[in-house]
Amino acid sequence: MAKKIIGWFYSIIILIFFYAPVAVLMAMSFNKSRYGALPFEFSTEWYRVLFSNQKLIQAALDSLAIAAVTAVLCVVLGTAMMLGQREFNSRVKAFFNSLVVFPLVIPWIILGLSLLLLLRALGLDRNYAMLLIGHVVVSFPYAVMVIGARLEDMNSEIQEASYNLGANEWTTFKRITLPMLSPAMLAGGFLAFMISFDNFVLSYFLIPTGKTTLPIEIYSSIKFGFTPEINAISSIILAATLLMITVIAVLMRSSLMRMFK
Amino acid sequence: MPFLSIKDLTKIYDGQRVLDSISFDVEQGTFLSLLGPSGCGKTTTLRVIAGFVRPDGGSVNLNGILINNLPTYKRNIGMVFQSYALFPHMTVEQNIAYGLEQRRLPRNEIRKEVAQVLEMVQLTGYEKRKPKQLSGGQQQRVALARALVIKPSLLLLDESLSALDKKLRVEMQVELRQIQQKVGITTIFVTHDQEEALTLSDKIAVMDKGRIVQLDTPVNVYERPATTFVAGFLGKANFFKGSVVEKHGDVYQLKMENGHVLPFESLRDPGVGTDLTVAVRPEKIALSGEEPEGTWIKGTVKFTTYAGDRSLYRLEALGQTIEVERQNSLGISEFKIHDEVYISWDKSNTLLLDR
Chain R
1 MAKKIIGWFY
11 SIIILIFFYA
21 PVAVLMAMSF
31 NKSRYGALPF
41 EFSTEWYRVL
51 FSNQKLIQAA
61 LDSLAIAAVT
71 AVLCVVLGTA
81 MMLGQREFNS
91 RVKAFFNSLV
101 VFPLVIPWII
111 LGLSLLLLLR
121 ALGLDRNYAM
131 LLIGHVVVSF
141 PYAVMVIGAR
151 LEDMNSEIQE
161 ASYNLGANEW
171 TTFKRITLPM
181 LSPAMLAGGF
191 LAFMISFDNF
201 VLSYFLIPTG
211 KTTLPIEIYS
221 SIKFGFTPEI
231 NAISSIILAA
241 TLLMITVIAV
251 LMRSSLMRMF
261 K
Chain U
1 MPFLSIKDLT
11 KIYDGQRVLD
21 SISFDVEQGT
31 FLSLLGPSGC
41 GKTTTLRVIA
51 GFVRPDGGSV
61 NLNGILINNL
71 PTYKRNIGMV
81 FQSYALFPHM
91 TVEQNIAYGL
101 EQRRLPRNEI
111 RKEVAQVLEM
121 VQLTGYEKRK
131 PKQLSGGQQQ
141 RVALARALVI
151 KPSLLLLDES
161 LSALDKKLRV
171 EMQVELRQIQ
181 QKVGITTIFV
191 THDQEEALTL
201 SDKIAVMDKG
211 RIVQLDTPVN
221 VYERPATTFV
231 AGFLGKANFF
241 KGSVVEKHGD
251 VYQLKMENGH
261 VLPFESLRDP
271 GVGTDLTVAV
281 RPEKIALSGE
291 EPEGTWIKGT
301 VKFTTYAGDR
311 SLYRLEALGQ
321 TIEVERQNSL
331 GISEFKIHDE
341 VYISWDKSNT
351 LLLDR
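Which chain is which? The protein sequence lines are R and U, in order. Residue numbers for the first sequence, in this note's numbering: 1 to 261. Residue numbers for the second sequence, in this note's numbering: 1 to 355.
Just so you know, these hints were derived from the structure itself, not from any lab. Some hints here could point you the wrong way.
As the list claims (entries may be wrong) - Chain R is faced by these chain U residues, among others (derived, beta-carbon under 8 Å):
(1) 50
(2) 61
(3) 77
(4) 87
Unchecked claim - From chain R, some residues computed to sit far from chain U (all C-beta separations above 10 Å):
(5) 163
(6) 176
(7) 179
Cβ atoms here follow ideal geometry from the backbone N, Cα and C, with glycine treated the same way.
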């Protein structure tokens, strides 16, 4: 009994520790006071201010665009790679897999720095292409892990059955492999999207001069004094993320259910 | 000209000969089983025929056409996989229609064909189900229907019944055989289950270590095994290893490695001085309490089991264990542990095999 109470207590503490700051942030975005003073007075003032802050909105849109392109690139490249490496023997496969997930343990700051040095060596200015490469490198392992896990579960006899019934490689990919893989591709893409959207370090190193992303913009604006608009945009992002996760969970659940139930 | 002709098929994985120059022919309409322990090359043979594995040597001729270098999707060979490999995101109907769609059949014709084949496998009414909503036996039938609906020139079955439980498996064996005979399709069936191979096949090819050891009718493979491996793999057998030392009248004396001497008679003359293995199946051995006529050996009952339709005995004789099976239709036997018994068998049941 005592064990159970302690267990509950512990879990609640952990949950508070995780989520209280986020809850406070969301609440404060609706607080009238600029300095988060209490008593709480409800107002949508800061959302109005936010939507007139062109720079912040632009930064958010740019971040969304970068994250979207990164996600698509990661999913396409990741799927192609995981399908391709099924042909390899297990030793080559293991080597490949460890290479692909290696960026997970390289500190982002070193990765960013090395890409910046590469730009210098090539005599190029910081540009979006290199920024995207950086984002793809750090997001790729996440997408690949999700897609690879699904592919691992997929019996290769399924593809063989398709060939056997007279379908060539392309038809088999289109009608069998892709539909079976799509929930994992969606989930992997979403993960890659979030990793990229959230990434500060690589963007900071590689963003073209005069441009900005949301994390960079938030970081620089708190240096010059904090405004509750940041709370507002953070709340919007959080709400959008939760919504997306829910939609994807529902999508995946129903498509997985259709296949496996 | 045989319908399917395989010549000198060889496949090497990591320096190991998985298929060691396999050759065999199959006549049209024949149900052939490839039988052997795991790793004997039976599945690899099947996968070469299907086109999933490229052989390192040899040829596969189907209906007079060399198909070695034809991609799988151009071979028109139906296959039922061990895992059934049904498409999980498609309904039963869509699964079966898939092969016909690849052949660009008109919609209404596809619908007709699907309905027909579903009726044949007794699954009418299950069109809209997903594979996961079906039982193992039903999935098996969908897989069979999907393979047959394309009217393949050859049907391949890869351990297709092994995932089912015993009772269902026996039912499916009968059903499979009936459908196969009705359609008249040439079939190659891979299995490690000797009973399944015996019940289903017109011909059995027993495989071991990448080679075909014997290819013959079920009766011949069982009654006249070519090697000790075949005798031991298909059914049970008692083996006596030694060399023939002398002959008195019709009776040979086999001096065994453990020093004991086995007297035996045989239809075939083994020749004095040859090293060989004498084998006899447990159910061919007669037991009696009194000294029988002719050739016999004496043993002691060590262990008995009652198995319903038959009784199993384990005896000790000639310094080794001998298994005997007795049908209980002859009456439940009276022998008990420690009884002394006489063992004999008809000389037509003596199997003379290699060492």
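Here is what the structure says about each hint:
With 8 Å as the threshold, the beta carbon of residue 50 (chain U) comes within range of chain R, its nearest partner Cβ sitting at about 6 Å, so the hint holds. The closest approach between the C-beta of residue 61 (chain U) and any C-beta of chain R is roughly 19 Å, which is over the 8 Å cut-off, so the hint fails. Because the closest C-beta pair between residue 77 (chain U) and chain R is about 7 Å apart, less than 8 Å, the hint holds. Among the interface hints, the one on residue 87 (chain U) holds; its C-beta lies about 6 Å from the nearest C-beta in chain R, closer than the 8 Å criterion.
Annotated as non-interface, residue 163 (chain R) brings its C-beta within 10 Å of a C-beta of chain U; the closest such distance is 4 Å. For residue 176 (chain R), the shortest C-beta to C-beta distance to chain U comes to about 6 Å, within the 10 Å cut-off, and the non-interface label is violated. The claim that residue 179 (chain R) is not at the interface with chain U is violated, since a C-beta of that chain comes within 10 Å of its own (minimum 5 Å).
The structure fails hints 2, 5, 6, 7 (numbered hints given earlier, in ascending order).
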